[in-house]
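> In case you want the letters, here they are:
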Amino acid sequence: MEMETFSSPHFMQNSYLTHPAEEALERFLLHQCPEDELSVVETHVLACDSCISRLEALETQIAATRIALEELERERKVAVAARQHRSWENWLSIPNLSWAGAAAAVVAAGLIVTPQLVRHQQTPAAEVNLSAYRGLENGVAPEGRPLHVHFNSADLPQGPISVQLVNDTGAELWKGSAAVRQDKLEITAPKIAQPGHYFFRLYAGNVQQGELLREFAFQVK
Amino acid sequence: MVATQPKLSPAPTGDGNSQSQEAREKPSKGFTPVEWGVLVAQVKAGQDAGMEQLYKLFSRGIRYYLCRQLGPQELEDKVHDTFLIVVNAIKRGDLREPERLMGFVRTVVRRQVAAYIEQAVHTRREQADIETGITVADRKQNPEQEAMLRQKAELMKSALAALSQRDRDILVRFYLKEQPQEQICREMDLTETQFRLLKSRAKAKFGEIGRKKLASNGLFSVFVRAQAG
Chain U
0 MEMETFSSPH
10 FMQNSYLTHP
20 AEEALERFLL
30 HQCPEDELSV
40 VETHVLACDS
50 CISRLEALET
60 QIAATRIALE
70 ELERERKVAV
80 AARQHRSWEN
90 WLSIPNLSWA
100 GAAAAVVAAG
110 LIVTPQLVRH
120 QQTPAAEVNL
130 SAYRGLENGV
140 APEGRPLHVH
150 FNSADLPQGP
160 ISVQLVNDTG
170 AELWKGSAAV
180 RQDKLEITAP
190 KIAQPGHYFF
200 RLYAGNVQQG
210 ELLREFAFQV
220 K
Chain D
0 MVATQPKLSP
10 APTGDGNSQS
20 QEAREKPSKG
30 FTPVEWGVLV
40 AQVKAGQDAG
50 MEQLYKLFSR
60 GIRYYLCRQL
70 GPQELEDKVH
80 DTFLIVVNAI
90 KRGDLREPER
100 LMGFVRTVVR
110 RQVAAYIEQA
120 VHTRREQADI
130 ETGITVADRK
140 QNPEQEAMLR
150 QKAELMKSAL
160 AALSQRDRDI
170 LVRFYLKEQP
180 QEQICREMDL
190 TETQFRLLKS
200 RAKAKFGEIG
210 RKKLASNGLF
220 SVFVRAQAG
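Chains as they are written, first to last, in numbering that gives the first Met the number 0: chain U, 0 to 220; chain D, 0 to 228.
Hints listed in this document are in silico derivations from the structure and should not be mistaken for laboratory results. Note that beta-carbon positions come from the ideal geometry of N, C-alpha and C, so glycine has one too. Take the hints with a grain of salt, since some may be wrong.
[Unchecked claim] So the derived label-pair ranges between C-beta atoms look like this:
(1) U:ALA81 <-> D:ALA114: 49 to 57 Å
(2) D:LEU175 <-> U:HIS196: 22 to 30 Å
(3) U:ARG73 <-> D:MET50: 34 to 42 Å
(4) U:GLY204 <-> D:GLN182: 40 to 48 Å
(5) U:HIS196 <-> D:ALA203: 15 to 23 Å
(6) U:LYS220 <-> D:ALA40: 54 to 62 Å
(7) D:LYS212 <-> U:GLU74: 55 to 63 Å
(8) D:ARG210 <-> U:ARG73: 41 to 49 Å
(9) U:GLN207 <-> D:LYS176: 39 to 47 Å
(10) D:LEU175 <-> U:GLY100: 51 to 59 Å
(11) U:PRO194 <-> D:LYS176: 38 to 46 Å
[Stated by the list, open to error] Below, computed lysine-lysine pairings styled on DSSO-like, alpha-carbon distance capped at 30 Å:
(12) U:LYS76 <-> D:LYS212
(13) D:LYS156 <-> U:LYS220
(14) D:LYS212 <-> U:LYS183
(15) U:LYS76 <-> D:LYS156
(16) D:LYS176 <-> D:LYS198
(17) U:LYS76 <-> D:LYS43
(18) D:LYS198 <-> U:LYS183
(19) D:LYS90 <-> U:LYS76
(20) D:LYS204 <-> U:LYS76
(21) D:LYS176 <-> U:LYS220
(22) D:LYS202 <-> U:LYS76
(23) D:LYS202 <-> U:LYS190
(24) U:LYS190 <-> U:LYS174
(25) U:LYS183 <-> D:LYS202
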């Protein structure tokens, strides 16, 4: 039985007593509840031991599902890379190599005749997903690489956001601005040279005077 | 006049999750009708019976909420402080309608969470730790819980491996990329029912594999006993 939209206070009061459906609890754990549903689920859960047990079981199930999906995705990417490598190996037969050699000679001649510009390649940014979620490991980011960070921005107001990066003593390392659009928030932050524990803080308005909305912990290794 | 709550509706049915089914089979243990007016009057009068019932009713929920928002550090102190705030507010007469007690407690708890976060931000900004090294609470579970989680993850992996790649992609979007259901259904051309069925299928497969594993472990232990005997 799914939660319905609410109108009268009397209905609202009765809704606090109704056990939420599993999907409502799942949305609650994933921070995807609409405002009215969040109000009802949170209020109910505060006084219902059985629904807390359901939430705890669901948390474990979601955590296990995430671990399983991450491993399967990793194995899939390794398998795809291995298949591509095998296709390269198959290509390395003698006739193909002869043609490749001939083509390489032509290209080399062209390179000698035509000077090439050297492209300066930047270290690619590392993709980091951060979620303020109990029970899961904090995000991990690599040392010495710019960070492209995806924040769990469910329940955050749409619009401009200030982002601050601080170290474990609270000293500001960087700040910037971004915007929550369609429940997505992404920023690019500069590389962090030192391993350790860091925090991203999200503020409504500016960092000095704005309201702190959410804080994300992560580690640089 | 005492306000009594109407009979509670039963918990929802429809999924194969045995743990939530167990919770549903014991609704009376988890959520009993409460005469809010009597409870609030007892708390206001400082009666032990009222305080005890209030604590029994809300302590686990407050603990869960605070742990989820703030982590396990100093949790008992925070639960106790929050409970005291609720009691004092009731005694002061801040709760005008006893039947709104649940919503009132929620408001108090949310304000407490905001206050704790603000205090933590202020502390980090204004003070430097003398100790170096340990400044972030370890939110990992204990080794036994980690082992259980690992075991469940292995079972879930077997269940998910039995699905098609497209179905797995849908679950990756939902659980790893945390995309909302509406976005996934729109971009992958699914109805809400198809999406729900997919999740049910994955959970059912997980349950089936779990039961098979338990059954095979049971048989194995029988063989071992037979040999030892």
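> Now tell me if each hint is right for this structure.
To see whether the hints hold, each was checked on the structure:
Range check, ALA81 (chain U) to ALA114 (chain D): about 53 Å between beta-carbon atoms, so the 49 to 57 Å window is met. Between LEU175 (chain D) and HIS196 (chain U), the C-beta spacing of about 23 Å keeps the proposed range 22 to 30 Å intact. For the hinted restraint 34 to 42 Å between ARG73 (chain U) and MET50 (chain D), the CB-CB distance of approximately 52 Å leaves it violated. A beta carbon spacing of about 28 Å between GLY204 (chain U) and GLN182 (chain D) contradicts the range 40 to 48 Å that was offered as a hint.
At about 40 Å, the CB distance of HIS196 (chain U) to ALA203 (chain D) disagrees with the hint of 15 to 23 Å. Look at LYS220 (chain U) against ALA40 (chain D): about 57 Å separates their beta carbons, and that is inside 54 to 62 Å. Distance hint check: the CB atoms of LYS212 (chain D) and GLU74 (chain U) are about 21 Å apart, inconsistent with the given range 55 to 63 Å. Here the CB-CB span from ARG210 (chain D) to ARG73 (chain U) is close to 28 Å, at odds with the stated 41 to 49 Å.
Checked against the hint of 39 to 47 Å, the pair GLN207 (chain U) and LYS176 (chain D) fails, with Cβ atoms roughly 33 Å apart. With their beta carbons about 44 Å apart, LEU175 (chain D) and GLY100 (chain U) fall outside the hinted range of 51 to 59 Å. As the Cβ distance of PRO194 (chain U) to LYS176 (chain D) is approximately 27 Å, the hint placing it in 38 to 46 Å is violated. With a CA separation close to 28 Å, the supplied pair LYS76 (chain U) and LYS212 (chain D) stays within the 30 Å bound.
Proximity of LYS156 (chain D) to LYS220 (chain U) is assessed by CA-CA distance (about 27 Å); at most 30 Å being required, the pair is judged to hold. Between LYS212 (chain D) and LYS183 (chain U), the direct Cα distance comes to roughly 40 Å. Violation of the 30 Å bound is thereby established for this hinted pair. The suggested pairing of LYS76 (chain U) with LYS156 (chain D) holds, with an alpha-carbon distance near 16 Å, which does not exceed 30 Å. Between LYS176 (chain D) and LYS198 (chain D), the direct Cα distance comes to roughly 16 Å. Compliance with the 30 Å bound is thereby established for this hinted pair.
For the hint pairing LYS76 (chain U) with LYS43 (chain D), the CA-to-CA distance comes to about 62 Å; that exceeds 30 Å, so the pair is violated. Proximity of LYS198 (chain D) to LYS183 (chain U) is assessed by CA-CA distance (about 23 Å); at most 30 Å being required, the pair is judged to hold. Simply put, LYS90 (chain D) and LYS76 (chain U) have alpha-carbon atoms about 61 Å apart, too far for the 30 Å limit, and the pair is violated. Among the hinted pairs, LYS204 (chain D) with LYS76 (chain U) is consistent with the structure: their alpha-carbon atoms are about 24 Å apart, no more than 30 Å.
Under the criterion of a C-alpha separation no larger than 30 Å, the hint pairing LYS176 (chain D) with LYS220 (chain U) is consistent with the structure, at around 22 Å. Of the supplied pair hints, the one linking LYS202 (chain D) and LYS76 (chain U) holds, its CA atoms being roughly 24 Å apart against a limit of 30 Å. The hinted pair formed by LYS202 (chain D) and LYS190 (chain U) fails the criterion: a straight-line CA distance of about 40 Å is larger than 30 Å. With a CA separation close to 13 Å, the supplied pair LYS190 (chain U) and LYS174 (chain U) stays within the 30 Å bound.
The hinted pair formed by LYS183 (chain U) and LYS202 (chain D) meets the criterion: a straight-line CA distance of about 28 Å does not exceed 30 Å.
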